[in-house]
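Let chain S serve as the given structure and place chain W on it in line with the hints.
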Amino acid sequence: MSPSRRNPARDQVAIVGLGRSPYGRDRVGCTPGSLVLDAAIAAARDAGVAATDIDGLCGSTVATAYVQAALGIGRVSWFANPASVIGNQIVAAVAAVHSGMCETALVYHNAYRMPFASRSAGRDPMRRRAMLGLAETRSAWGTGHAESGANSMFGANAYAAWAGRYLHDYGYGRDTLGLVAINSRTNAGRNDNAVYREPLTMQDYLAGRMVRDPLSVYDMDIPVDAADAFIITTTERARDLARPPVLIHASSLGSTDYGIEEQLLDLDHAGQVVVAERLWAKSELELADVDVFYPYEGFSNIALSWFENVGYCGRGEGGAFVRQHWVEREQRILIDGRIPVNTHGGSLSEGGTQGAGHLYEACLQLRGEAGVRQVPGASVALVTPGGYYFNSQGFLLRRDG
Amino acid sequence: MTQDELLDAFPGVRVDQDNAAYYGGLLEDRVLVNRCDDCASWHHPPRSACARCWSRSLTPTAVAGTGTIVLLTVLHQGSRKEGADFSAGHPLVAVELDEQPGLRLGGTVLGADPATLQLGERVRVVVRRLEGRGPRVDFERMS
Numbered sequence: 000m001s002p003s004r005r006n007p008a009r010d011q012v013a014i015v016g017l018g019r020s021p022y023g024r025d026r027v028g029c030t031p032g033s034l035v036l037d038a039a040i041a042a043a044r045d046a047g048v049a050a051t052d053i054d055g056l057c058g059s060t061v062a063t064a065y066v067q068a069a070l071g072i073g074r075v076s077w078f079a080n081p082a083s084v085i086g087n088q089i090v091a092a093v094a095a096v097h098s099g100m101c102e103t104a105l106v107y108h109n110a111y112r113m114p115f116a117s118r119s120a121g122r123d124p125m126r127r128r129a130m131l132g133l134a135e136t137r138s139a140w141g142t143g144h145a146e147s148g149a150n151s152m153f154g155a156n157a158y159a160a161w162a163g164r165y166l167h168d169y170g171y172g173r174d175t176l177g178l179v180a181i182n183s184r185t186n187a188g189r190n191d192n193a194v195y196r197e198p199l200t201m202q203d204y205l206a207g208r209m210v211r212d213p214l215s216v217y218d219m220d221i222p223v224d225a226a227d228a229f230i231i232t233t234t235e236r237a238r239d240l241a242r243p244p245v246l247i248h249a250s251s252l253g254s255t256d257y258g259i260e261e262q263l264l265d266l267d268h269a270g271q272v273v274v275a276e277r278l279w280a281k282s283e284l285e286l287a288d289v290d291v292f293y294p295y296e297g298f299s300n301i302a303l304s305w306f307e308n309v310g311y312c313g314r315g316e317g318g319a320f321v322r323q324h325w326v327e328r329e330q331r332i333l334i335d336g337r338i339p340v341n342t343h344g345g346s347l348s349e350g351g352t353q354g355a356g357h358l359y360e361a362c363l364q365l366r367g368e369a370g371v372r373q374v375p376g377a378s379v380a381l382v383t384p385g386g387y388y389f390n391s392q393g394f395l396l397r398r399d400g
Numbered sequence: 000m001t002q003d004e005l006l007d008a009f010p011g012v013r014v015d016q017d018n019a020a021y022y023g024g025l026l027e028d029r030v031l032v033n034r035c036d037d038c039a040s041w042h043h044p045p046r047s048a049c050a051r052c053w054s055r056s057l058t059p060t061a062v063a064g065t066g067t068i069v070l071l072t073v074l075h076q077g078s079r080k081e082g083a084d085f086s087a088g089h090p091l092v093a094v095e096l097d098e099q100p101g102l103r104l105g106g107t108v109l110g111a112d113p114a115t116l117q118l119g120e121r122v123r124v125v126v127r128r129l130e131g132r133g134p135r136v137d138f139e140r141m142s
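Chains S and W, in that order, are what the protein sequence lines are. Residue 326 in numbering that gives the first Met the number 0 sits at position 327 of the first sequence, and the numbers go up by one each step. Residue 64 in numbering that gives the first Met the number 0 sits at position 65 of the second sequence, and the numbers go up by one each step.
Just chain S, same shape as in the assembly (with noise of 0.2 Å):
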């Protein structure tokens, strides 16, 4: 086959800002997000956009999670932190801004003298620390928190108090969160790669092992060893491939300028409600013609925020409409009588993947090739991967025809 010469983006997308932060060997008082904004200050100005006309992102190893808390971009729809510098943070802003994921990408890239590298950067005490990656990995692309342990609010710790919050806002027990849990278990009864098949009833879920409250055990993902690919074109050279192709009809990723996990203001301000309104923004299909729905549920409360966000419900009414929907002789949720949710057993029973299983369950719906748990007819679904902060992220795909 020769080389593709398929180049839609051709004079569609432009260079319009450029900022500096001076090159040198003998700065002090610096870090590398710090290098990171007087450069990206001084591009925006440059350009003459404010923080509000920015819905993109993208660098190399200072996370865009910490450019955008710092310099307040309220909200992006995408953002990327792609390994090879400098081209590949350009094309891939290139490619955003041509697909319609972003219209205004900040890129960035910032060097730091390691001590290893630089006799005076071996001086500096803090560069030797900033070298380990403390306090928890995240730390050391500047996000997530300094300091690590039980008396911090990070990851799993962070989810619980969520989830706390929102049980005690809108008046809902745990049995709430348990129906999550149990649709996940039951469906995951009908999947031979699930690792928890076995029926749960809410009177197990209920004495269920209190980790984090109120998250018990059957509230978090099931660790697994796993991978799932995807191979990816476009839909007409798709539509000569062997098998079915399931076509993106609209996707998006959603981010706020929360900082760190306790930082989020509240549940509207999660990546989920920016993944939402583009979502629907983009598409031609409505929550009415959804089939199939994949809410990642690696943290129960996450799922119930998802409801909310998609449009099934509004803000806090997801623990209800949960319960409404709940069909009691299947023990799962079934949305109006039809529409399943995590068929596969998600997260909570098949195995946590981080959504890669919600997506790899979607696709075998979609092409008709779910066994015995196939739903009859499914021809859109939604995936909704991610949680509240970083990694928020919506797909809506359907049949081909």
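If you are wondering where the hints come from, they were derived from the structure by calculation, not from laboratory data. None of the values given here were measured: they were computed from a predicted structure. The hints are all genuine.
From the structure, some residues in chain S lie toward chain W, with a derived Cβ separation under 7 Å:
hint, residue
1, G28
2, A145
3, G148
4, H167
5, M209
6, D212
7, E261
8, L264
Per label pair, the in silico range of CB-to-CB distance:
hint, chain 1, residue 1, chain 2, residue 2, range
9, W, E81, S, L205, 20 to 30 Å
10, W, S54, S, E197, 56 to 66 Å
11, W, G110, S, Q353, 32 to 42 Å
12, S, G170, W, M141, 23 to 33 Å
13, W, E4, S, T60, 27 to 37 Å
14, W, A61, S, E285, 50 to 60 Å
15, W, E4, S, W325, 56 to 66 Å
16, S, G315, W, S54, 31 to 41 Å
Positions of the beta carbon are idealized from the N, C-alpha and C atoms, including for glycine.
Chain W only, in chain S's frame:
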């Protein structure tokens, strides 16, 4: 105080140029939060720009140290090296400081029965000295 002394006081913590003033303050039992010299807004964790107006002129400023619990969990499981007693349940909270909506610090609540803690409860910041770990911000009940 030299940078080496500051780092030595906080083993296991990612002390850097952005947050050196915060950790230096803890050694003097003070909680210093970055405040913008131009628009007076507060920011945490410490970074080198004002997220509101992009000013690079920030001053680590002492906070009153009072606030409200806005997030609460009780940890029942963790590794021994985390230095907490999980058998009784270890409370972990985020506290919104009175200075500004959304300005929050995380930590535990000292001397509190975790079963009695509630969202919305008023607490006060305490700088706690931990053996081998350096001082850190935690909280105690106001009443």
